[in-house]
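Using the hints provided, position chains D and C relative to the given structure of chain R.
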Amino acid sequence: MKRFIVVLLVLFLAVGMTTAQNLEVLWMGWPKDQVMPLINEFQAKNPGIKIDIQLIPFGQLFQTIEVRLASGGGTPDVYIVDGPNTASYAARKYLLPLDEYFSPAEKNAWFKSSIKTGTYNGQFVSVPYGTSSAGLFFNKAIFEKYGVPFPSEKISGRMTWEEVVDLAKKLTIDIDKDGKPEIWGICIEQIDRPYLLFPLMQSLGAEVLSPDGFETKGYITSDKFVRAASFYGKLFNEWKVSPQGINDSAIAREYFGTGKAAMMLGNEWNIARLSKFTNLQYGLAPFPYFAGGVPVTPTGSWHVGINPKTANKEAAIAFVKYMTGKDAVMKWYKLNGIAPARPDVYAALPADFSNPMWQLFLHEMNNTAVARPDTPGYSQYELILRETFNAIHYGADPKKSLEDAAARIDRELKRFK
Amino acid sequence: MFKSRGAAWLFVLPALILLLLFKVWPIGVSFFESVMQTSFSGRRSFVGFENYSYLFKHDPTFWNSVKVTFFYSILVNPLIIIVSLTMALLLNGGHAFTKFFRTVFFLPTAISFSVVAVIFAVVLDPYYGLANSFLKLLGLPGQPFFGSQDQALWCIIWLSVWRSAGYWMMYYLAGLQNIPKTIYEAAEIDGANGFQRLFKLTLPLLTRTTSFVLVSNTAFNFLMFAPVYIITRGGPRGSTNLLMYESYTSAFVNSDMGRASAITSILLVIILVFSFIELKITKAKFEY
Amino acid sequence: MKKPVTIKNILIFAILTLTSAFFLIPLAWVLASSLRPAGSLYEYANPLTWKTFFPANITLENYRKIFVDLLFGRAILNSLFVSISTVFFGVLVSSMAGFALAKFRFRGRQLIFVIVLVTFMVPFESIVIPLYVLVRGIGLENSYAALILPGVGNGLGIFLFKQFFEEVPNELLEAARMDRASWFRIYAQILLPLCMPAIATVVVMTFMFQWNSLFWPLVATHSSRFEVVQVAVAANRMSEDTSWANLFSAAIAGSLPPVVVFLFLQKYFIQGISGTGLKT
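Protein chains in written order, with my numbering: chain R, 1 to 417; chain D, 1 to 288; chain C, 1 to 280.
Because the hints were derived from the structure by calculation, they are not lab data.
All values reported here derive from a predicted model rather than from experimental measurement.
No residue lacks a Cβ here, since even glycine has one placed at the ideal position from N, Cα and C.
Just to be clear, a hint being listed does not mean it is correct.
Unchecked claim - Computed footprint of chain C on chain D; a stretch qualifies when at least three of its residues, placed anywhere within it, have a C-beta under 8 Å from a C-beta of chain C:
(1) 57-70
(2) 73-80
(3) 84-92
(4) 131-141
(5) 167-174
(6) 254-265
(7) 268-280
What the hints assert, rightly or not - Below, computed lysine-lysine pairings styled on BS3-like, alpha-carbon distance capped at 25 Å:
(8) K57/D x K217/R
(9) K180/R x K57/D
(10) K334/R x K65/C
(11) K276/R x K51/C
(12) K65/C x K276/R
Excised from the complex, chain R in its bound form (with noise of 0.2 Å):
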């Protein structure tokens, strides 16, 4: 009797042991058909966990994310982070420490600034999943039809500032001259945000926020800041050559992909985008700089967070391993095109990457990269500058508006200290 109840026991031990565990992850909402080949994948080699994963429109993404992370609860177990917010969820211990779970030679597997990201306070807190690079599109068609050579490709070719704005004005045409051009010379695929405006400011030397992330008074309203702001509302304002009024990134690319503009300054997405505009011929130059100054590129994209509260932690981290290991990533981009956090994925598959315009991306993620500063208030230091450069390009006084923002974001920052 006594070695049946045992048996019995054990059985029930090992019935509870193989109960599937549930993690709960809050996921950026690109297309089921994208995401769901990978968490199938996962699930069949993890029979013991099983995912329940909340694909969430853009347009709700931060604001579910704060709502739930709000609330305080053990869920999300697993939650993407756009990189730069790092510092917010973890300032506000929403990011579970990663140390003890990556050593350092995992840590290697991705790129330094992408490391640098995803770490706060010393502490490892989000893992890169993956990162972004810019550059100068050009429209060969529009080049060759009124006789402009093409930039150089090459980063030895880089141009400065004031040899785009040269190109520019000459390829902004008012075919039917109603003061509204058929073609632009330039237009700007994030119009109005810090990420793809910072590397001007950077070009020159300016430094966009404090050391200690408290502080924007002093440097969004330095000299350096304030001349190259002065010469990106220029583009609107004075030189007229860049379109007003496109807020949606998509927009920006149908004007370049339909030879509406002659120069996209875009991110390194566009690769896989641009495929869809049939007709176009498109070449890829680098990142322009100020003459004088330093070539800076944008950097950082998404990375992967894990909820401190979780009652699911080994899943959640074997998951996490997962999805930013190389294996994941690989197919993630062969799904959806974002540019890997990790060298290896570019240097296995040299079939998509060995292409020059990937090398060029490639070459900037490695030398002339900034990411995005660290501070716990990124995100409202984030719109307000994004509703400055806004006004901005509407043609408001940069300095003034500057010098406005700055006392905004001061102020909100201040509560975070």
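Only chains D and C this time, still in chain R's reference frame:
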């Protein structure tokens, strides 16, 4: 009025429980937030009316938002009522084409405001959108629409009317069909013409519907923010910075629940005042 | 009923066509774009040609994509279920409360009325966090109940029924009471049939409220089996790109069910109230 208290409570209880649980309790918490300030590390401290006084005295964007919001509301509410009422009047007959037009007008209501905003951003694109193509066809100059400080708010008004008028039209249709035909027949016998019938009969008889549409539409529009969030982000230069958008960004971007809740409390007071005025006006006109 | 073609009819038709132009044109363009092979967004918007509204190659590929690859049908079914359930319970609950507030004098009546009014003047965004904490606390998170219940109690609906019932003459109810009818019978057999327009209004209001909800379903549920239609539509806008063709086809496909529901309902509710015995 009847005095059966037991019956009364039984009838009102399910709604009351649901409202208390899912509306009143969260609203209470939200008011509570407005007199607190939460530091980033989660420490909450009672600050009295400091959130409110900061808004009124030191916040540069608040008064601009109030101005923009009032301007928007005073324009959009009457516009929606006029458009939806007119459509209902025109589509009240039994003509063959009414079903088709009712469908067309109603369809935008089933598309969420976020998606309507995306559609309008594309249709009103300052250079290549559909609207400008039409203008070009008519020989008129292209317009910047959302890209202009002067036009952007009007475009949002246009968007709201496009999206909502069909919805309120349904209410007006229901109200219109609730008026018995005998009243019109009697009026015709008395020699009243079309206009007199409209203004002396139909409109007064629709007062209940109008007051309902007005009050709910007012609340709805004071709380509008989706087009601002998706397209203009308060710009160009603050010309579309609706109060609810300020509250929304305070809550979900700045994690400043205190400021967010203070703004929505202020909005609540504004809505109550407007609703009260509207109810008084429409009740005064009600004759049967 | 065939009416003669009068000048008035022609005028009405002309005005309607003009107004329709404003309404129809963006919709028609979206519809046409959804029936085109997925390609450039502005290709047919500028310049304007007949192809703008009548695609040269009509294809259903975009619709196939969202229904087959992106499981749009499931989203529609979820929204239908949630919306219809909320309507059913909402009409019941709101009409009962409206009845109580309109016809009974009891202590707390005014307070309840104020509560009812205030609840629809507060934006959802300001209550979402405490509401989520509450729903999670009572164990409803990630369920259909979480989607349905918060929408059942509706201040506007109660307000509407109250206004409507206030006009029902008390004599009608007193007569029934003298016949020893229970209050519930009076409610169900006398009042409800009388307030068809109010019911129609609350049905439309509640159904559309649930059909259009986007943020709450994202917060209150996390399993993909609960995905609702507006989430499925909005998901076509991603961080680095927008699938215009999918977005348009989803917007159209997602707006058709309510239209069908209401075309169907028009027959039952909006017309044919002549036999109500109230207004003679």
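Coverage of the stretch 73-80 of chain D by chain C, judged on three or more residues with CB within 8 Å
violated (count 0)
K180/R paired with K57/D [C-alpha distance capped at 25 Å]:
43 Å, violated
Please verify the coverage claim for the stretch 268-280 of chain D: does it have three or more residues whose C-beta sits within 8 Å of some C-beta in chain C?
Coverage by chain C holds for the stretch 268-280 of chain D (4 residues, Cβ < 8 Å).
Are three or more residues of the stretch 84-92 of chain D within 8 Å, CB to CB, of chain C?
It holds: at least three residues are needed, and the stretch 84-92 of chain D offers 4 whose Cβ sits within less than 8 Å of chain C.
Going straight from one Cα to the other, do K65/C and K276/R come out at no more than 25 Å?
17 Å, holds
Is the straight-line distance between the alpha-carbon of K334/R and that of K65/C 25 Å or less?
19 Å, holds
Establish whether the coverage given for the stretch 131-141 of chain D by chain C is satisfied; the threshold is a Cβ-Cβ distance below 8 Å, and no fewer than three residues must meet it.
Satisfied; 5 residues make the cut.
For the stretch 167-174 of chain D, does the count of residues with a C-beta closer than 8 Å to a C-beta of chain C reach 3?
holds (count 5)
Taken at face value, is the distance from the CA of K51/C to the CA of K276/R at most 25 Å?
Roughly 20 Å between the alpha carbons, so the hint for K276/R and K51/C holds.
Pair hint outcome, K57/D versus K217/R [Cα-Cα no greater than 25 Å]:
22 Å, holds
Confirm or reject the coverage of the stretch 57-70 of chain D by chain C under the rule of 3 or more residues with a beta carbon closer than 8 Å to the chain's beta carbons.
violated (count 0)
Proximity test - 8 Å, beta-carbon atoms, the stretch 254-265 of chain D to chain C, at least three hits
With 4 residues in contact (Cβ-Cβ under 8 Å with chain C), the coverage given for the stretch 254-265 of chain D holds.
The structure fails to meet hints 1, 2, 9 from the earlier list, while all remaining hints are met.
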